[in-house]
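Build the full structure now, drawing on both the sequences and the hints.
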Amino acid sequence: PTETRPEAGLLALRRALGAYANLRPVVCYKATANCSPLRPEIVAGADILIVRELLGGLYFGEPRGVVRTNATKGGAAQLSSAFNTMRYTAEEVERVARVAFEAAQKRSGKVTSVDKANVLETSQLWRETVTRVAGDYPGVTLEHVYVDACAMHLVMNPRRFDVVLTENLFGDILSDEAAVITGSLGMLASASIGGPVGLYEPVHGSAPDIAGRGVANPLGAIASAALLLRYTARLDEEAGVLEAAISSVLDEGYRTPDLHGGQSKYVANTSEMGGLVVEAIAEVVDMRHAYHAV
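Okay, so the sequence shown: first residue is 51 according to this note's numbering, each after it adds one.
Be a bit skeptical, because a hint or two may be false.
[What the hints assert, rightly or not] Capping the alpha-carbon separation at 16 angstroms, the derived lysine to aspartate or glutamate pairs in EDC-like fashion look like this:
1. Lys-166 to Asp-212
2. Lys-80 to Glu-302
3. Lys-156 to Asp-212
4. Lys-156 to Glu-287
5. Lys-80 to Asp-301
6. Lys-160 to Asp-212
[To be verified] Ranges of calculated distance between the beta carbons of each label pair, as one might list FRET restraints:
7. Gly-262 to Thr-139: 45 to 55 angstroms
8. Leu-63 to Ser-130: 47 to 57 angstroms
9. His-342 to Tyr-316: 28 to 38 angstroms
10. Lys-156 to Arg-65: 26 to 36 angstroms
11. Glu-144 to Glu-112: 16 to 26 angstroms
12. Val-328 to Arg-114: 24 to 34 angstroms
13. Asp-336 to Glu-227: 30 to 40 angstroms
Simulated from the structure, these hints should not be mistaken for laboratory data.
Predicted model only: the values in this text are computed from it and were never measured.
Note that beta-carbon positions come from the ideal geometry of N, C-alpha and C, so glycine has one too.
Written out as structure tokens, the structure reads:
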């Protein structure tokens, strides 16, 4: 039953925290471009921030349910139909749209809003509301793209995107698709924000099948800590140090086993990779201190 699956607890946690905006950076480092199943010339340099609405849409819409027949097979009633409700309010769309536009102001200044406005009324509301909000951010360029076209462009030309804004279901699917750009789910960080407390986590699951083997990639968790520093602690410079340290370690040729392909100097286990990042943090801090001292 869906109500007993772990995902049900996660949805309830997001709602309780008021975490309406999920931020997922998707970065393909030059050093790991060969680790992606896509061609290096397609993914190298891609730097996308996916902003997904988290508390509306099909995952939370009511009514929802299933209808079972009276006939039984093996003692259990059979499903005859099921239904979900996709619902959004203008307020829900506006608040997550502002997160996307404010993020774009600090990046390359472009928001791609993803919907299905040619079919869905909720997407028509989405497009109208996002267009209205865009008027408050004259320095940010807005484009609207249908979700099917976005899915295609993500794997054909990911560098065309800066900030991608979309609703709950579309964002769930597109953000996992975008993981192939980085070469591994283990590289991806996630922040769920909007309420008084943020929720920060690597995108990968708990992976009980590899527990204790030292092969898990810790970089997604470390990058999630950088997001915590940026969005909850408001320590943007310190977040940048963590991100620079990750990039430095990868540039040096260190890899975890999940990062297949490319040139690797050394395949590190989980604790070794964590230690390398710690060393790189110290080096980045020393370099910045030396720069400011000049």
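Right, here's what the structure says about each hint:
A threshold of 16 angstroms between alpha carbons decides the hint, and for Lys-166 with Asp-212 the separation of about 20 angstroms lies outside it, so the pair is violated. At most 16 angstroms may separate the alpha-carbon atoms for a hinted pair to count; Lys-80 and Glu-302 meet this at roughly 12 angstroms. For the hint pairing Lys-156 with Asp-212, the CA-to-CA distance comes to about 11 angstroms; that is within 16 angstroms, so the pair holds. Note on Lys-156 and Glu-287: the hinted pairing holds, with a Cα-Cα distance of about 13 angstroms set against a maximum of 16 angstroms.
Distance hint between Lys-80 and Asp-301 is fulfilled; the C-alpha atoms sit about 8 angstroms from each other, no more than 16 angstroms. Between Lys-160 and Asp-212 the CA atoms are separated by roughly 6 angstroms; this keeps the pair inside 16 angstroms, and the hint holds. Against the hinted window of 45 to 55 angstroms, the Cβ-Cβ separation of Gly-262 and Thr-139 comes to about 46 angstroms, which satisfies the hint. Checked against the given bound of 47 to 57 angstroms, the beta carbons of Leu-63 and Ser-130, roughly 32 angstroms apart, lie outside it.
For His-342 and Tyr-316, the Cβ-Cβ distance of about 32 angstroms falls inside the hinted range of 28 to 38 angstroms, so the restraint holds. Range check, Lys-156 to Arg-65: Cβ separation about 28 angstroms, and the 26 to 36 angstroms hint holds. Range check, Glu-144 to Glu-112: about 21 angstroms between beta-carbon atoms, so the 16 to 26 angstroms window is met. The hinted window of 24 to 34 angstroms between Val-328 and Arg-114 is violated, with their beta carbons roughly 46 angstroms apart.
A beta carbon spacing of about 39 angstroms between Asp-336 and Glu-227 agrees with the range 30 to 40 angstroms that was offered as a hint.
Against the hints set out earlier in the document, violations occur for numbers 1, 8 and 12.
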